[in-house]
Structures are given as structure tokens and as C-alpha cells.
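S.K.: Sequence:
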Amino acid sequence: MSFPFRYIGDLLESLDDALQSPERQRISSHVLVANWFQLHRQRLDAFDANACAILSTLLPDRRTDRVFFIQSTKLEGIIGQALTLGASRVKELRRYREPGLGIDLADCVQLLLTATPNTLHADDVTVEAIDAILGEVASRCKWSSPAVRDARQHGCDWSAHEALGDIYLRLSPRDAKWFTRLVLKDYQAVALDHNLVLRNYHPLLPQMLKVRDDLGLTTAFLRHAKQSQDDLGRINSILKPKLGVKVGRQNWPHDYEQLMIVYFDVLMIDKESMLPVKHCDRRKRLEALVTCRPGIAELVAHETIPFSRSTAPAQLRRAFATCIVNREEGLVLKPDEPYFDFSASYKPHSSGNIKLKKEYVQGWGDVGDFAVIGASYDAVKAKTYPSPPPRWTHFYIACLRNRVQVLARNERPRFRHVNVVELNNTLMHSFQTHCRPEEIAFEENNIFDIDRTGFGESKAPTVLFSEPLVFDMRCFSFDKSSNTNFWSMRFPLVSKVHFDRSYLDTVSFEDLQRIAEESRAAMTHDHHYHRDQQKRQEREWVAVYDWRVLEILTDIEMGKMPAPKDDVWRRFWVGLA
Numbered sequence: 001m002s003f004p005f006r007y008i009g010d011l012l013e014s015l016d017d018a019l020q021s022p023e024r025q026r027i028s029s030h031v032l033v034a035n036w037f038q039l040h041r042q043r044l045d046a047f048d049a050n051a052c053a054i055l056s057t058l059l060p061d062r063r064t065d066r067v068f069f070i071q072s073t074k075l076e077g078i079i080g081q082a083l084t085l086g087a088s089r090v091k092e093l094r095r096y097r098e099p100g101l102g103i104d105l106a107d108c109v110q111l112l113l114t115a116t117p118n119t120l121h122a123d124d125v126t127v128e129a130i131d132a133i134l135g136e137v138a139s140r141c142k143w144s145s146p147a148v149r150d151a152r153q154h155g156c157d158w159s160a161h162e163a164l165g166d167i168y169l170r171l172s173p174r175d176a177k178w179f180t181r182l183v184l185k186d187y188q189a190v191a192l193d194h195n196l197v198l199r200n201y202h203p204l205l206p207q208m209l210k211v212r213d214d215l216g217l218t219t220a221f222l223r224h225a226k227q228s229q230d231d232l233g234r235i236n237s238i239l240k241p242k243l244g245v246k247v248g249r250q251n252w253p254h255d256y257e258q259l260m261i262v263y264f265d266v267l268m269i270d271k272e273s274m275l276p277v278k279h280c281d282r283r284k285r286l287e288a289l290v291t292c293r294p295g296i297a298e299l300v301a302h303e304t305i306p307f308s309r310s311t312a313p314a315q316l317r318r319a320f321a322t323c324i325v326n327r328e329e330g331l332v333l334k335p336d337e338p339y340f341d342f343s344a345s346y347k348p349h350s351s352g353n354i355k356l357k358k359e360y361v362q363g364w365g366d367v368g369d370f371a372v373i374g375a376s377y378d379a380v381k382a383k384t385y386p387s388p389p390p391r392w393t394h395f396y397i398a399c400l401r402n403r404v405q406v407l408a409r410n411e412r413p414r415f416r417h418v419n420v421v422e423l424n425n426t427l428m429h430s431f432q433t434h435c436r437p438e439e440i441a442f443e444e445n446n447i448f449d450i451d452r453t454g455f456g457e458s459k460a461p462t463v464l465f466s467e468p469l470v471f472d473m474r475c476f477s478f479d480k481s482s483n484t485n486f487w488s489m490r491f492p493l494v495s496k497v498h499f500d501r502s503y504l505d506t507v508s509f510e511d512l513q514r515i516a517e518e519s520r521a522a523m524t525h526d527h528h529y530h531r532d533q534q535k536r537q538e539r540e541w542v543a544v545y546d547w548r549v550l551e552i553l554t555d556i557e558m559g560k561m562p563a564p565k566d567d568v569w570r571r572f573w574v575g576l577a
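No gaps in the numbering here: position 122 of the sequence shown is 122 in full-length UniProt numbering, and each next residue is one more.
I should point out that these hints are in silico values taken from the structure, not numbers from a laboratory.
Computed from a prediction, not measured in an experiment: that's the story for all the values here.
Careful, some of the hints might be misleading.
Claimed, not checked - Only pairs whose alpha carbons sit at most 20 Å apart, straight line, appear in this in silico SDA-like list of lysine to any residue: (1) LYS278 <-> PRO203; (2) LYS334 <-> ASP281; (3) LYS185 <-> ARG66; (4) LYS185 <-> LYS383; (5) LYS355 <-> HIS279.
Stated by the list, open to error - The calculated label-pair distances, taken between Cβ atoms and stated as ranges, are: (6) VAL332 <-> PRO146: 27 to 33 Å; (7) GLU287 <-> SER28: 42 to 48 Å; (8) ILE440 <-> GLN513: 25 to 31 Å; (9) GLU257 <-> ARG95: 38 to 44 Å.
Where is the CB? At the ideal position from N, CA and C, for every residue including glycine.
Take the sequences, apply the hints, and build the full model.
M.R.: So this is what it looks like as C-alpha cells:
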């Protein structure tokens, strides 16, 4: 039984309408999704239903094995050719490029087809037909998975442009909008929660996909499974971890170099699945399997912290302080539970790990103030912000290279572009409310020089600020990006937007390189110093950490910081204080 694409459009449009409605009248997405599955249950449970195609359409971002190599600009050309648009209508199709409108390519497609609807019936377009076309498009891209590429239909005269264009000729304006976002793999604000969709489709799906993240394999098994939790126990016997095969290894430049393996966990031993086994028991089995030898094999360092005891917070603080003193990246907190929870009762945080890094704590990882020389606009990103839509979505961080000469008014500013960053909703609202910088087109720049070597023209800003802005930046570490020979911030985040500071007081390029070199040198420093000194530093970090957590909790209570949405995180911080 085929599944019309318009049913998918019904769900996505209802979710979008709910987001646009007042908060008091808003219907929960959980209710809308559950009602939609209940309405179409007969079609979904049909023996010939293509569950893989339906789920691939509902959750396009889950199909990472499919790469279309189609972005907005390329898809814009496909649509224009299929709909035989003239110059004036092509201009309307490209309106999404204008900053501040808050629309994307899909919205423009809907407006065009609303003005001049297609004459063919939209009922003819099925999810199965669309999925087959998208699968064929992905099979012709070298970045798709080998399995997807092997499914290519060789020897047929087939054009991706014509196949996608034919779909547009048969869709209604609303469904063409959602098909556009499907091709771009971005449903934006209405992106469906994976677990919510999978549970509503079949109760076993979330657990099955934990074992084998393959929609084709797991949905094929659904035909033989009941619509109940009774079959949960069968998952272990049917789906097992699949061992990968190494097809080659790199050539080592010296004879004394070799591969060292660090073992973290064990998931299968002689066809015995370890997935339902508790972590402590898996660790014991792993210790019995692995013979540790320096430079060849070892087990990852671990420490058991019983959280049921009152001493757990202090023990965790000491472990975290030791990690910081040893210049290690961070900790991973793992519950003593099975690798996957196959129990019938749904637990939102079961079998979940927590990463704890120094840079996660607000106030740690700060680098300093940086100049913002320009910005660009991305229509898809703009729709993720609440109204009013922003004028810019990406900001270009740069470092001044000739501060002394600029202060002496002997040269015009010379900047080195180092990073591109985005603002969260709170900072974007502050930026739009208090900041109105004077802008000039990037092509008309005559106020300062910019070195963008290594970034390429595709990442160039669309506008430059005649008076660069100032952002307070933090990051996790420093690295050298591809095609560059200088240090830049790794995973940069904007802490604050300053409205009262000059770009002449920001971090210079030489300062950034010095900070990065010192940070990298500290990470590789020989840590075999006196044990008393290490203990002293650990105690200092514990004291600093206690004070910082107390500051965070105080700011939340006073309304200076937003409270965590999940109460689990608040209890976690309170426990550490």
C-alpha cells in the first residue's frame, strides 16, 4: 500500500502551525505526532508498507549514508529549470537571499506555486517514489556510503535534475515547500524528535536501532514483530553488534613506531552479546581479555564513584581537579547500567553518559575580546531564530596585525581572519536590540585589509563593518585549520557582545598565537613534578570549582542566568556544590 507524500506534509505543516501559534494555545508536538500515527496506522502497518522510505522521509537527517551534494543554490537552478521560470520569477525565487526577510528557498517555492499552481494532481506523488529518486541521486555521489553507491542503476539514461524537477511539477505549493527541505535535509524548527517518531511507529524501533543503526535492516524485522513491548527480549537474540573489518593500515615512518590500542569497553565475546550487561561486569570481562603492555595495549583509566554515598561529590571534584592539573581533556561519567536499556519502561536518561570538561563551566576557557569585521546571512539558519528575523547569522572574527601603526595613524588596519561564529538566541536578541553597525559591501571594501588565506571565497562575508564590533570569546582549545599555518580557536563560542569597547583593545594576531602556543605547550608539558605540588594544585582547583558552581547557582536564582531546562542538570550542579 503506497503512502502519499501529502500525508507527510500534513504532519510537518501542523507542527509548523503549532510553533507559530500563541504559547497558551500551542498543541504539544508529542500529541500531534501521536495523533498522526494513529490516523494512518492502517497504512503504516500494512504488510507491503515501506517503513524505511517513510522513516527516511520523516527523519532525513538520520540518513547520513545518503549524500545528495545539493545545496540551496544548486536546487534553485533545478527548480527554475523544471518550472521554466522567467527572469522576474527567478528573482522572486531568490528573495530568500535578502537578509532580514526570515524566509528560505522552500518558502519562495511555495509562494511561486501558489501564484501559478501546477496542473497535475499532487495525489500521484508517493513517499516510495520520492525515496527511490533520492536514493538514486545519493547513489551517484561519491561521498555516499558504499552500500548506497552500490545500489545505483547502471546503464540507464537518468538525470537527477529531470527526476527532481518532475516531482516539483506534480506537487502542491505546500508539499513542494516540504519537499525542498527534504532534499536539503533540514526541516528546521519542526525537525522531528527521532525517539518520538520511532516509538510511535513501533515500540521496538528505538531499542533495535541502538543495536544496529540501519533503517533498512531494522524495518525489515518489524514485519515479524508485534506492536507491543513483549518482543523486547527477542532483540538480543536477533540483532547483534557487527564487527568491522580493517582493510589497511598506514605506513609508519620509523621502525620504532607502532600502533597502540586503548580499550574502552567490550560489546561482544565469542558471539555473546554484552549489550544487556552492566558496565562493571563488562569491565571485568574486558580486564580478563586484555593483556596490558606499555606502548602496545592498555585499558582506559577509570575510577568508580558510588553516587549513592554522601562522599560522591567530593570524590568527583577531586577526580575533576586531577584531570585539570594533568592537562587532560575531561571526564566521561558512565552509569553502572547496561550499554542499552531494553526494559519495557521508557527512561529518558538511561544508559546515558555525561561529558565533563573544564571549558563547559562558564567563565573557564575564556580567551579574550576579539574584533568582528563582518557578517553574512544564511536563510536556513535565520529561520531558527525567533522573530524578528536577524539581518546577519554568521560573524567573522579577526585579529589586528598592526595595532601600533593604526594607533599612530600611519597605516590602515590589517586583519587576519581566524574564525566564523554564530550567536545564540539570547545574544542575538541583545545584538539586534542595541547594535546598529554601519555596513559596506565586501566587494566595496576600502577601509581595511583582510588576509583570508585558507578560508576560500565561498566563506567570505557579504558585508563589512566600518567600525569592527567586539565579541568576548571562549573556546575549548586551539588548532590549525586545514590550509592554514596559524593557530585559531577550536569550537569558539561567544560569551558576550560588547557595545562600549574598541577593536583597538582586542586580542591581536600575535597575542592569539602566543596564547595558543602557551596552551599547547602546557598540554605537552612533562607532568612528572613533585607529588606535593600536584596535590596543592588539585586542592586549588577544587576550591575554584566550588566557588564557580556557587556563583552559577546564585546567578540562576537571581535571574542573571537562564535556568537549565532539564531538572536533571540542576540537580547535578547542586550535587557538586
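S.K.: Under the constraints set out in the numbered hints, which ones does this structure not fulfil?
M.R.: Those not satisfied are hints 1, 9.
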